[in-house]
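Engineer: Sequence:
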Amino acid sequence: MTAPVAAPSRQAWKAQTRIELLLTARRGESILLTFLIPVVLLAFFAKVDVLPTGDGDPIDFLFPGVLALAIMSTALVSVAIATGFERQMGVLKRLGSTPLTRRQLLGAKTAAVVAIEVVQVAVLAIEGYLLGFRFSGPALGLALVAAVLATIGFAGIGLLMAGTLPALTTLAAANGLYLLLLLVSGMVFPLDKLPEPMESISKLLPSTALAQVFHGALGPTGSVPGSALVVLTVWAVVAPLAAARWFRWE
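Numbering-wise, numbering that gives the first Met the number 0 puts 196 at position 197 of the sequence shown, and it's gapless, one number per residue.
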């Protein structure tokens, strides 16, 4: 008796995922944030030695951090801003009158983010290789797990913001949060350069945990702090549940 219900449910989710991908491709600002900014940051700071990245080649530190930044920009900022304006313009209200459920909408947006990230990671991997980064880490599987957990967590945060705040507030808050996490999460600046209290707090953030896993998993040692995976797991559970609980269609 459940199969006839499950099939239309999956079809609705797939249809909404395709729509999310098409809408993202048509938004120029999303393409800029998703692809151009991480690509430019990686190329610029890899060639202009102005960051305190240590004695080694800057690309070895920057590539994992920019990869984490790219995932954050796609899963958190792009989702929050786009969904916030969809809610303001009444798009979500109209979707709420269809058989599409709130969980299916959130799942479709998250699935679209994952598809975009696959392309994004491929572009950055090619760029990183051309700039001299070599994938020597033996823990690529952990990096993939961390990317999935972070995507779910970031998407949950973005959807929570978009589903509870006015669109312009979401725009400002998402961009402000993006800049803050960029500076304090060890993506372009090493964590040990932060004041000790700030460093301790930063380690509880999903962005810091993702950067830590990427730096360990993609580096030569393959040493990944277990605490970072725990932090990502907690955010991957709590953020989507909060979004599903408090997300409003209008």
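Watch out, some of these pointers could steer you wrong.
[To be verified] Okay, the calculated beta carbon distance ranges per label pair: (1) Leu167 with Gly140: 27 to 33 Å; (2) Glu198 with Pro165: 17 to 23 Å; (3) Met88 with Asp56: 17 to 23 Å.
[Claimed, not checked] Straight-line distance between alpha carbons at most 25 Å, and here's what the computed BS3-like set of lysine-lysine pairs gives: (4) Lys46 with Lys202; (5) Lys202 with Lys192; (6) Lys13 with Lys92.
Hints are computed from structural coordinates only; laboratory data are not their basis.
Glycine included, every Cβ here is placed at the ideal spot set by N, Cα and C.
Engineer: Next step is simple, just say for each hint if it's right about the structure.
Structural biologist: Going through the hints against the structure:
1. With their beta carbons about 41 Å apart, Leu167 and Gly140 fall outside the hinted range of 27 to 33 Å.
2. Checked against the given bound of 17 to 23 Å, the beta carbons of Glu198 and Pro165, roughly 34 Å apart, lie outside it.
3. Against the hinted window of 17 to 23 Å, the Cβ-Cβ separation of Met88 and Asp56 comes to about 47 Å, which falls outside the hint.
4. Of the pairs offered as hints, the one joining Lys46 and Lys202 is violated, with about 28 Å between alpha carbons and a cut-off of 25 Å exceeded.
5. Proposed proximity of Lys202 and Lys192 is supported: the alpha carbons are some 13 Å apart, at most 25 Å.
6. Simply put, Lys13 and Lys92 have alpha-carbon atoms about 20 Å apart, close enough for the 25 Å limit, and the pair holds.
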